[in-house]
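**Student:** Taken in sequence, the protein lines are chains A and B. Going left to right, the first sequence walks through residues 4 to 77 as the working numbering numbers them. Going left to right, the second sequence walks through residues 9 to 491 as the working numbering numbers them.
Treat the hints as calculated values from the structure; they're not laboratory data. Even for Gly, the Cβ is constructed at its ideal location relative to N, Cα and C. Don't take every hint at face value.
Restraint-style ranges between C-beta atoms, simulated for each label pair [to be verified]: (1) A:W8 <-> B:A166: 50 to 58 Å; (2) B:E301 <-> A:R59: 49 to 57 Å; (3) B:G431 <-> A:L19: 28 to 36 Å; (4) B:V196 <-> A:V55: 24 to 32 Å; (5) B:L297 <-> A:L33: 35 to 43 Å; (6) B:L384 <-> A:W10: 43 to 51 Å; (7) B:V204 <-> A:V32: 20 to 28 Å; (8) A:L33 <-> B:P303: 27 to 35 Å; (9) A:A69 <-> B:V370: 58 to 66 Å; (10) B:A381 <-> A:W26: 41 to 49 Å; (11) A:L33 <-> B:T474: 54 to 62 Å.
What follows is the residue order along each chain.
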Amino acid sequence: MRAAWLWVALAALFLLHHDFWFWREPRLVLGLPAGLLYHVTYCLAVAALMAVAVHRAWPPPGITEADVAGDPRG
Amino acid sequence: MTEAVVAAYLVLVLGIGAFARRRLAATGEDYFAASRTIGPVVLLATLFGTHMTAFSLLGASGEAYHRGVGVFSLMASSSALVVPAVFWFVAPRAWAVCRRNGFLTQVEMVRARWESPGLAVALGAVLSALLVPYLLIGVMGGGITLAEITDGRVPPWAGSLTMVLVVLAYVAAGGIRGTSWVNTFQTVVFIVLGAVTAGVVAAKTGGLGALASRVDPALLVHGDRIPALELLTYILIPLSVGTFPHIFSHWLSAESPRTFKLPIVAYPLCVAAVWLPSVLVGVLASADLPGFEGPAANSVLIRAIDLHAPGALAGLLAAGVFAAVMSSLDSQSLALSSLVTRGLGRRRRGDEGRRQLLLGRVFVALILTATFALSLVAERSIFRLGVWSFTGFAALFPLVVAALWWRRATAAGAWASLLTAAGLWLYYFVHATQKPGYTIAGTGAMPVAVILPAAALALIVVSLLTRPPSDDALDRFFPEGSR
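Can you build the whole structure from these sequences, using the hints too?
**Tutor:** In structure tokens:
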């Protein structure tokens, strides 16, 4: 399977979404509640993962050579 | 002042729509898919603007007012993970299949995949039924918001009517190209205004640090107001992005598979940029503006502006809310029109060109007129339908994935999935409609956690028990060389 690492990484991020370790953490970090800061950082981490994916695993599955050839910049 | 700012904003939007009209070619493919010429920046902005409604600004603040910062993890960071994954796994594949076969709607795709006009009609009917309350919520929400911001000087019906007329003008004029261009502008507007609003409110109130002692501590943690099972199961809701007809239409307008790269990467950043300010304002308002009960808290963003920055900023905020509403309303009405014009209508010679363009415009006008008429008689309880609409769309996700990815999926399997999703959705809807915030047996688990797996299971089991699809149909979807 191509880019299996991406699916593993997405599964890991799915697990990390459930941040029970910050579940009842009231501290403010950098002016934000710790749990909120965690989830903002989480969004950045997803963006970073997808940036790696589009560079290292492009094209995504299910695209034919003809689809790629039809792409003037492909 | 507020009315003047809103009027100036609407004139600007109409100007962009008029400019897009000059590029419109007289074909259905250009009207509904911009002849597949939309580039990455516009695609990102229009997908995001279409997906985010006014309730990302107002509803997020209202939810955070009651439930605290956990709303961000529940609704925002879950979308930040799921939506790019759907864009990666489904969108380029759907684009390629539809381009190869000339499809412009999901209904056309399903009809060809399973050679079943009846299934296509049923799917079109379900998609339309789920979309109508969504349209209605937008039209009513825009009118109500403008009335609140102007202290009642503009009645709700007048705000709704103005919004509908402006959307009708630029959608009819420019089709999906005009819609995408306007959405790009509107997305920038509501992202910037959301950040400005949060900055002003935080500066005036001294920020969360200063308010920490006054804000209910339960609002600064996830665990008190968000059950763990709700967080776990809510993550299925954003799968609805894979089945929304209005998002699907924008996918098909992309220039190439490569165009999806930017939306895949930048979507989580846009989610954070819009939801963080909205959630923060909601939490801050809980200290400054106590006493809002239930859905009334959806107006805390407006009240916070009124309290801390009246005048021009209030007008800009109204423009931002209009931007968020219109950037969804335009795509939804256009998608519904394309479902009827392309998907459910009888295909015959001469359907292309001016006839299809005319039909598309007529249906956009009819849909918006009917929505406005309904908004005059509908009750505010319609707003509760929002999450049910998302649940219904998410339940159709297995069907769309099977159409694109699973050769063995059969028409009978697709029927079974559709009927299971519709039946269970109705069951939960009837049981829960009078209970805001309903979860299964009060555990926190969302109904989607039952409906979606059941729909997937029905599709798999019935497909394996019935004859495989014909080679002709499969060849159109799975040509040699599919990676």
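**Student:** Hint says 28 to 36 Å; check whether the CB-CB distance for G431 of chain B and L19 of chain A agrees.
**Tutor:** holds (35 Å)
**Student:** So does L384 of chain B sit 43 to 51 Å from W10 of chain A, Cβ to Cβ?
**Tutor:** Since L384 of chain B and W10 of chain A have Cβ atoms about 49 Å apart, the given range 43 to 51 Å holds.
**Student:** Using the beta carbons of W8 of chain A and A166 of chain B, state whether their distance is inside 50 to 58 Å or not.
**Tutor:** 55 Å Cβ-Cβ, so the 50 to 58 Å window holds.
**Student:** When you take the CB atoms of L297 of chain B and L33 of chain A, is the distance between them in 35 to 43 Å?
**Tutor:** violated (25 Å)
**Student:** Do the Cβ positions of E301 of chain B and R59 of chain A conform to the proposed distance bound of 49 to 57 Å?
**Tutor:** holds (51 Å)
**Student:** Between L33 of chain A and T474 of chain B, is the Cβ distance one that fits in 54 to 62 Å?
**Tutor:** Between L33 of chain A and T474 of chain B, where Cβ atoms are some 57 Å apart, the hint holds.
**Student:** Do the Cβ positions of V204 of chain B and V32 of chain A conform to the proposed distance bound of 20 to 28 Å?
**Tutor:** holds (24 Å)
**Student:** Could you say whether the range 58 to 66 Å given as a hint is met by the Cβ separation of A69 of chain A and V370 of chain B?
**Tutor:** Since A69 of chain A and V370 of chain B have Cβ atoms about 36 Å apart, the given range 58 to 66 Å is violated.
**Student:** I want to verify a distance hint. Is the separation of the beta carbons of V196 of chain B and V55 of chain A within 24 to 32 Å?
**Tutor:** Holds - the Cβ-Cβ distance for V196 of chain B and V55 of chain A, about 27 Å, lies within 24 to 32 Å.
**Student:** Using the Cβ atoms, figure out if L33 of chain A sits within 27 to 35 Å of P303 of chain B.
**Tutor:** The hint (27 to 35 Å, Cβ to Cβ) holds, given that L33 of chain A and P303 of chain B are roughly 32 Å apart.
**Student:** A range of 41 to 49 Å was offered for this pair. Does it hold for the Cβ distance of A381 of chain B and W26 of chain A?
**Tutor:** Holds - the Cβ-Cβ distance for A381 of chain B and W26 of chain A, about 47 Å, lies within 41 to 49 Å.
Consistency with the previously given hints fails for numbers 5, 9, ordered from lowest to highest.
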